[in-house]
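Participant: Residues per chain are reported as follows:
Number of protein chains: 4
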Amino acid sequence: MVQLGLIGLGKMGFNMRERLRAAGHEVVGYDRNPDVSDTTSLEDLVSKLDAPRIVWIMVPAGEPTRATVTELSNLLAAGDMVIDGGNSKYTDDKLNADLLAAKSIGYLDCGVSGGVWGKDNGYGLMVGGAASDVEKAMPIFDALRPDGPREEGFSHAGDVGAGHYAKMIHNGIEYGMMQAFAEGFELLEAAKVVKDVPAVIKGWQRGTVVRSWLLDLLVRALDEDPELDDLEGYVEDSGEGRWTLEEAINNAVPAPVISAALFARFASRQEHSAAMRAVAALRNQFGGHAVKKVGG
Amino acid sequence: MVQLGLIGLGKMGFNMRERLRAAGHEVVGYDRNPDVSDTTSLEDLVSKLDAPRIVWIMVPAGEPTRATVTELSNLLAAGDMVIDGGNSKYTDDKLNADLLAAKSIGYLDCGVSGGVWGKDNGYGLMVGGAASDVEKAMPIFDALRPDGPREEGFSHAGDVGAGHYAKMIHNGIEYGMMQAFAEGFELLEAAKVVKDVPAVIKGWQRGTVVRSWLLDLLVRALDEDPELDDLEGYVEDSGEGRWTLEEAINNAVPAPVISAALFARFASRQEHSAAMRAVAALRNQFGGHAVKKVGG
Amino acid sequence: MVQLGLIGLGKMGFNMRERLRAAGHEVVGYDRNPDVSDTTSLEDLVSKLDAPRIVWIMVPAGEPTRATVTELSNLLAAGDMVIDGGNSKYTDDKLNADLLAAKSIGYLDCGVSGGVWGKDNGYGLMVGGAASDVEKAMPIFDALRPDGPREEGFSHAGDVGAGHYAKMIHNGIEYGMMQAFAEGFELLEAAKVVKDVPAVIKGWQRGTVVRSWLLDLLVRALDEDPELDDLEGYVEDSGEGRWTLEEAINNAVPAPVISAALFARFASRQEHSAAMRAVAALRNQFGGHAVKKVGG
Amino acid sequence: MVQLGLIGLGKMGFNMRERLRAAGHEVVGYDRNPDVSDTTSLEDLVSKLDAPRIVWIMVPAGEPTRATVTELSNLLAAGDMVIDGGNSKYTDDKLNADLLAAKSIGYLDCGVSGGVWGKDNGYGLMVGGAASDVEKAMPIFDALRPDGPREEGFSHAGDVGAGHYAKMIHNGIEYGMMQAFAEGFELLEAAKVVKDVPAVIKGWQRGTVVRSWLLDLLVRALDEDPELDDLEGYVEDSGEGRWTLEEAINNAVPAPVISAALFARFASRQEHSAAMRAVAALRNQFGGHAVKKVGG
Numbered sequence: 001m002v003q004l005g006l007i008g009l010g011k012m013g014f015n016m017r018e019r020l021r022a023a024g025h026e027v028v029g030y031d032r033n034p035d036v037s038d039t040t041s042l043e044d045l046v047s048k049l050d051a052p053r054i055v056w057i058m059v060p061a062g063e064p065t066r067a068t069v070t071e072l073s074n075l076l077a078a079g080d081m082v083i084d085g086g087n088s089k090y091t092d093d094k095l096n097a098d099l100l101a102a103k104s105i106g107y108l109d110c111g112v113s114g115g116v117w118g119k120d121n122g123y124g125l126m127v128g129g130a131a132s133d134v135e136k137a138m139p140i141f142d143a144l145r146p147d148g149p150r151e152e153g154f155s156h157a158g159d160v161g162a163g164h165y166a167k168m169i170h171n172g173i174e175y176g177m178m179q180a181f182a183e184g185f186e187l188l189e190a191a192k193v194v195k196d197v198p199a200v201i202k203g204w205q206r207g208t209v210v211r212s213w214l215l216d217l218l219v220r221a222l223d224e225d226p227e228l229d230d231l232e233g234y235v236e237d238s239g240e241g242r243w244t245l246e247e248a249i250n251n252a253v254p255a256p257v258i259s260a261a262l263f264a265r266f267a268s269r270q271e272h273s274a275a276m277r278a279v280a281a282l283r284n285q286f287g288g289h290a291v292k293k294v295g296g
Numbered sequence: 001m002v003q004l005g006l007i008g009l010g011k012m013g014f015n016m017r018e019r020l021r022a023a024g025h026e027v028v029g030y031d032r033n034p035d036v037s038d039t040t041s042l043e044d045l046v047s048k049l050d051a052p053r054i055v056w057i058m059v060p061a062g063e064p065t066r067a068t069v070t071e072l073s074n075l076l077a078a079g080d081m082v083i084d085g086g087n088s089k090y091t092d093d094k095l096n097a098d099l100l101a102a103k104s105i106g107y108l109d110c111g112v113s114g115g116v117w118g119k120d121n122g123y124g125l126m127v128g129g130a131a132s133d134v135e136k137a138m139p140i141f142d143a144l145r146p147d148g149p150r151e152e153g154f155s156h157a158g159d160v161g162a163g164h165y166a167k168m169i170h171n172g173i174e175y176g177m178m179q180a181f182a183e184g185f186e187l188l189e190a191a192k193v194v195k196d197v198p199a200v201i202k203g204w205q206r207g208t209v210v211r212s213w214l215l216d217l218l219v220r221a222l223d224e225d226p227e228l229d230d231l232e233g234y235v236e237d238s239g240e241g242r243w244t245l246e247e248a249i250n251n252a253v254p255a256p257v258i259s260a261a262l263f264a265r266f267a268s269r270q271e272h273s274a275a276m277r278a279v280a281a282l283r284n285q286f287g288g289h290a291v292k293k294v295g296g
Numbered sequence: 001m002v003q004l005g006l007i008g009l010g011k012m013g014f015n016m017r018e019r020l021r022a023a024g025h026e027v028v029g030y031d032r033n034p035d036v037s038d039t040t041s042l043e044d045l046v047s048k049l050d051a052p053r054i055v056w057i058m059v060p061a062g063e064p065t066r067a068t069v070t071e072l073s074n075l076l077a078a079g080d081m082v083i084d085g086g087n088s089k090y091t092d093d094k095l096n097a098d099l100l101a102a103k104s105i106g107y108l109d110c111g112v113s114g115g116v117w118g119k120d121n122g123y124g125l126m127v128g129g130a131a132s133d134v135e136k137a138m139p140i141f142d143a144l145r146p147d148g149p150r151e152e153g154f155s156h157a158g159d160v161g162a163g164h165y166a167k168m169i170h171n172g173i174e175y176g177m178m179q180a181f182a183e184g185f186e187l188l189e190a191a192k193v194v195k196d197v198p199a200v201i202k203g204w205q206r207g208t209v210v211r212s213w214l215l216d217l218l219v220r221a222l223d224e225d226p227e228l229d230d231l232e233g234y235v236e237d238s239g240e241g242r243w244t245l246e247e248a249i250n251n252a253v254p255a256p257v258i259s260a261a262l263f264a265r266f267a268s269r270q271e272h273s274a275a276m277r278a279v280a281a282l283r284n285q286f287g288g289h290a291v292k293k294v295g296g
Numbered sequence: 001m002v003q004l005g006l007i008g009l010g011k012m013g014f015n016m017r018e019r020l021r022a023a024g025h026e027v028v029g030y031d032r033n034p035d036v037s038d039t040t041s042l043e044d045l046v047s048k049l050d051a052p053r054i055v056w057i058m059v060p061a062g063e064p065t066r067a068t069v070t071e072l073s074n075l076l077a078a079g080d081m082v083i084d085g086g087n088s089k090y091t092d093d094k095l096n097a098d099l100l101a102a103k104s105i106g107y108l109d110c111g112v113s114g115g116v117w118g119k120d121n122g123y124g125l126m127v128g129g130a131a132s133d134v135e136k137a138m139p140i141f142d143a144l145r146p147d148g149p150r151e152e153g154f155s156h157a158g159d160v161g162a163g164h165y166a167k168m169i170h171n172g173i174e175y176g177m178m179q180a181f182a183e184g185f186e187l188l189e190a191a192k193v194v195k196d197v198p199a200v201i202k203g204w205q206r207g208t209v210v211r212s213w214l215l216d217l218l219v220r221a222l223d224e225d226p227e228l229d230d231l232e233g234y235v236e237d238s239g240e241g242r243w244t245l246e247e248a249i250n251n252a253v254p255a256p257v258i259s260a261a262l263f264a265r266f267a268s269r270q271e272h273s274a275a276m277r278a279v280a281a282l283r284n285q286f287g288g289h290a291v292k293k294v295g296g
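Protein chains in written order, with my numbering: chain A, 1 to 296; chain B, 1 to 296; chain C, 1 to 296; chain D, 1 to 296.
Heads up, a few of these hints could be off.
Just so you know, same-sequence chains aren't split out, so a pair can sit in one copy or run between any two.
[Unchecked claim] Heads up, simulated DSSO-like pairs for lysine-lysine below, C-alpha to C-alpha not over 30 Å straight-line:
id, residue 1, residue 2
1, 103, 48
2, 11, 48
3, 192, 292
4, 94, 11
Simulated from the structure, these hints should not be mistaken for laboratory data.
The task is simple: from the sequences and hints, build the whole structure.
Facilitator: Below, the structure written as structure tokens:
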């Protein structure tokens with residue numbers, strides 16, 4: 001059994017503490033929200049851990065994570081280790097690792113997949129960093145990952161940054177898969193040839209080529225709301241989809257599906273985009289085509 | 001000077017009659033609307049023309065055009081000729097030509113581009129059919145096409161159907177070009193790095209790579225409405241864009257730009273598409289992500 | 001235990017006969033290849049079945065299936081039933097059903113998914129037709145579908161045609177999912193941030209959002225060929241992807257992901273497409289850009 | 001008549017010197033290639049200009065331009081002005097302007113469009129910077145821009161960076177337009193319904209909606225090579241297309257057409273992409289589909 005400091009007890013971190021404790025590990029959690037926190041401050045958290053310490057960060061990517069790493073670099077000691085399990089951009093990892101390495105503190109980046117289901121199912125983990133550091137943290141990873149062969153729910157992806165890189169690409173693929181299901185659902189709904197759309201989708205769960213966890217979730221959603229009309233078709237995107245597309249650009253890799261999935265989300269949040277107003281204006285100019293006037 | 005029967009005096013046909021008459025030709029027009037019609041019926045129209053007759057059809061594609069051809073096949077005589085100048089699907093042309101050929105009536109299909117500007121600028125023409133028939137109708141084509149070298153505003157594209165095929169592809173390209181300008185406009189609007197978007201677009205009219213008639217029309221639209229917000233971004237599509245994509249499918253030709261332009265129009269007419277409701281539902285299922293509830 | 005005539009003993013039909021017999025059903029198979037056929041002709045096959053007969057067709061879609069249905073309409077008797085389990089276009093089903101209904105022969109269309117794995121895993125089934133006909137064939141469907149709850153591997157999708165419609169959309173989704181994984185794989189390969197790409201992909205099999213049967217197959221392929229360079233990136237497409245895109249056009253449904261996946265396959269089979277030669281020619285014209293001359 | 005220092009006498013700079021001199025301006029040019037250079041060094045160039053000097057940089061974007069600006073900041077004096085006419089990323093402009101402003105040297109960024117045709121036709125110009133600086137350089141801009149109304153070939157787009165931003169978007173649109181023509185060309189070639197593809201495209205030059213300079217160039221290319229098969233379909237991309245897509249990402253603007261055009265270029269340079277090898281491998285796994293083995 002090992003001891004872990006865990007910073008950030010939101011939806012993900014809270015569940016991870018539960019899963020780790022259920023596996024018999026000691027977790028000292030810190031969150032700004034005192035209702036869920038085990039400690040009063042990062043300083044307090046560090047003081048409650050025995051050296052060499054492992055501290056897992058699970059706070060929002062970007063500035064919050066970077067600031068937490070900086071603060072930890074001043075609190076931890078040589079031989080300790082920090083793991084960033086958040087959704088950081090992989091380029092942040094090198095900065096974090098260098099900052100900590102200057103004080104002989106180790107660093108791993110860990111992409112974590114599985115959402116709210118991870119508490120019970122386990123989390124898919126992709127880790128970047130030195131093999132020796134990965135080895136030290138393996139009891140933690142083993143507790144967080146799903147049951148079954150380790151290599152089916154955990155990978156040591158490469159050097160620092162590779163874990164978040166793998167997670168970024170994972171999410172890019174996820175965008176594409178979700179959009180594929182979404183287009184199929186819309187086609188079934190629109191054509192009305194299939195009478196019982198939820199039944200068809202439920203019937204894809206076994207034996208078919210498209211069987212997948214996302215399909216299972218779609219079935220679950222349709223069980224609750226058979227036409228999916230309780231929700232608006234307004235879809236946020238997190239950083240990973242955008243970063244994946246940036247990587248496609250940087251590496252000259254065609255990514256038509258992933259970009260289409262991302263753009264569909266952008267478009268879902270627009271009403272009467274400037275682009276389509278321009279197309280309407282052009283049609284109006286050359287053809288005298290009927291157009292919709294605002295308020296008309 | 002030649003004589004022409006012209007069926008259909010809507011936005012396009014009406015202007016074409018004007019242009020033909022201005023060129024000195026005799027046009028007998030028929031339209032269901034007696035206010036613009038020169039004749040009371042197709043029978044009357046045919047009786048007013050000297051054999052061998054040329055009758056130009058300019059009515060909506062599909063059933064209306066097919067029905068007009070059928071009616072004309074019963075009214076015209078061997079040696080006469082029908083020209084379909086509407087936006088018919090190219091597969092209709094073979095049917096029309098065969099029907100008329102059985103009575104030794106000639107047939108040409110003619111794609112016509114230029115919109116409401118054609119009356120003054122002339123119309124771009126793409127013609128399919130036998131060379132001898134094209135030759136007979138050339139005075140008409142010469143009057144309708146723009147000034148300048150004939151081969152820059154007119155083409156004999158091939159056999160029956162080739163004229164409408166060329167027009168279909170022309171429109172597919174047009175969809176892509178319009179969407180390209182539209183995306184550029186939206187990017188300029190969104191980023192706010194460029195302060196005077198209409199001035200930039202106006203300044204592209206000479207010397208640049210993107211100079212084009214569509215750009216001129218965009219400038220015109222921006223002169224009237226600098227942010228293009230009098231119109232809704234709701235864009236219809238006519239058959240040609242869809243048929244172009246069908247041709248891409250049938251010929252295994254990748255058409256990512258033309259399809260993207262068509263899909264952008266489809267999406268512009270949707271509110272909260274089923275697809276994006278499905279994506280929202282999936283995110284909700286796996287991540288407990290914040291979503292917008294209807295009415296929420 | 002029931003009795004079934006099965007026409008077409010290729011890769012799919014052969015395995016289905018195995019699975020049905022393993023479940024205790026009596027299968028009389030016919031194939032043009034005498035090495036695998038149980039009978040010498042369709043006539044012979046029909047004579048070996050007791051009325052009311054059920055005959056399952058598993059031959060190539062289009063003309064071969066249509067011809068088989070026609071032949072069966074002359075051999076079967078009132079009260080018999082035909083099931084088309086091939087990859088027919090859903091519009092063929094109405095024609096088949098009407099032809100057979102004239103002789104009081106029933107008809108079901110059944111989309112079958114699962115490939116070569118179906119023999120052991122069972123096949124995902126989507127059925128169109130009358131509920132009473134579905135009921136009669138249920139022992140067959142139960143033997144072919146995977147173990148587990150019936151509704152997770154079988155659906156009665158709607159009237160005649162709905163089964164193949166559901167299968168068509170299933171395959172459209174499949175195209176999108178495959179392309180999503182493919183783009184992710186290429187990005188991992190290209191960027192070289194992740195050192196062990198197969199390990200990362202293997203590690204996605206449990207706990208992650210992208211876990212799926214296609215992912216399992218990708219892991220299997222990478223186990224055999226870690227850089228996937230034994231195969232050429234030349235990908236055929238079957239009818240269903242194209243038909244799905246046609247449905248998107250017909251129903252004005254944006255399908256950017258499914259179309260992108262289809263176009264990627266088209267492009268994979270081209271070398272120096274006319275389109276890209278045109279782009280190269282344009283760049284050459286306006287910019288004097290360096291271009292590759294053929295043989296240069 | 002004004003005096004201008006011009007750094008970089010490649011394809012673009014050389015022609016611009018010609019056009020400026022033809023307009024009666026004094027141009028002192030510098031290039032590393034002594035055969036075309038008027039001076040031996042930047043220092044020599046600066047010494048040959050009367051204060052307040054205007055120096056136009058026309059060297060490759062990125063490091064070469066940044067280095068030239070740095071060097072000029074040490075050679076020029078307060079009241080002088082630098083204009084970057086290259087294809088710099090707009091974010092470089094702020095850096096350049098700040099560096100020069102520290103020495104009271106002015107800075108303008110100028111997007112230049114028109115390629116090798118600009119010498120005779122004039123260049124489309126988009127300028128970013130202070131109005132007073134724009135005013136000072138106006139004689140230069142007026143000589144470089146096309147004849148006709150100034151505002152149709154020149155724009156003051158906004159503050160520093162806005163000129164290159166406008167040029168970047170211009171190029172993004174250009175990518176989309178080129179790909180639209182390219183897809184149309186390929187469809188015409190593939191379907192073979194149109195017998196004389198070059199004639200059809202030539203016939204679009206007047207009266208049609210797609211008439212444009214790019215179309216004129218396509219006609220020119222087809223005049224030289226009617227099937228465009230002297231060139232390989234291998235297409236480079238410059239920075240602007242990629243940056244435009246980055247801007248789409250950063251501003252959450254859907255850019256399906258521009259991205260498709262960029263990805264088509266990426267794909268044109270690949271043979272058997274990793275993505276399509278992955279799709280082939282998946283099909284092989286689930287279906288035992290025929291695939292092409294390398295060397296097979």
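Participant: The structure should be examined with respect to each hint, and the outcome stated for every one.
Facilitator: Status of the hints after comparison with the structure:
1. 103 - 48: within (20 Å within a copy, 56 Å between copies)
2. 11 - 48: Classified as within; 24 Å inside a copy, 64 Å across copies.
3. 192 - 292: both (28 Å within a copy, 26 Å between copies)
4. 94 - 11: Within one copy, since 26 Å is at most 30 Å while 41 Å is not.
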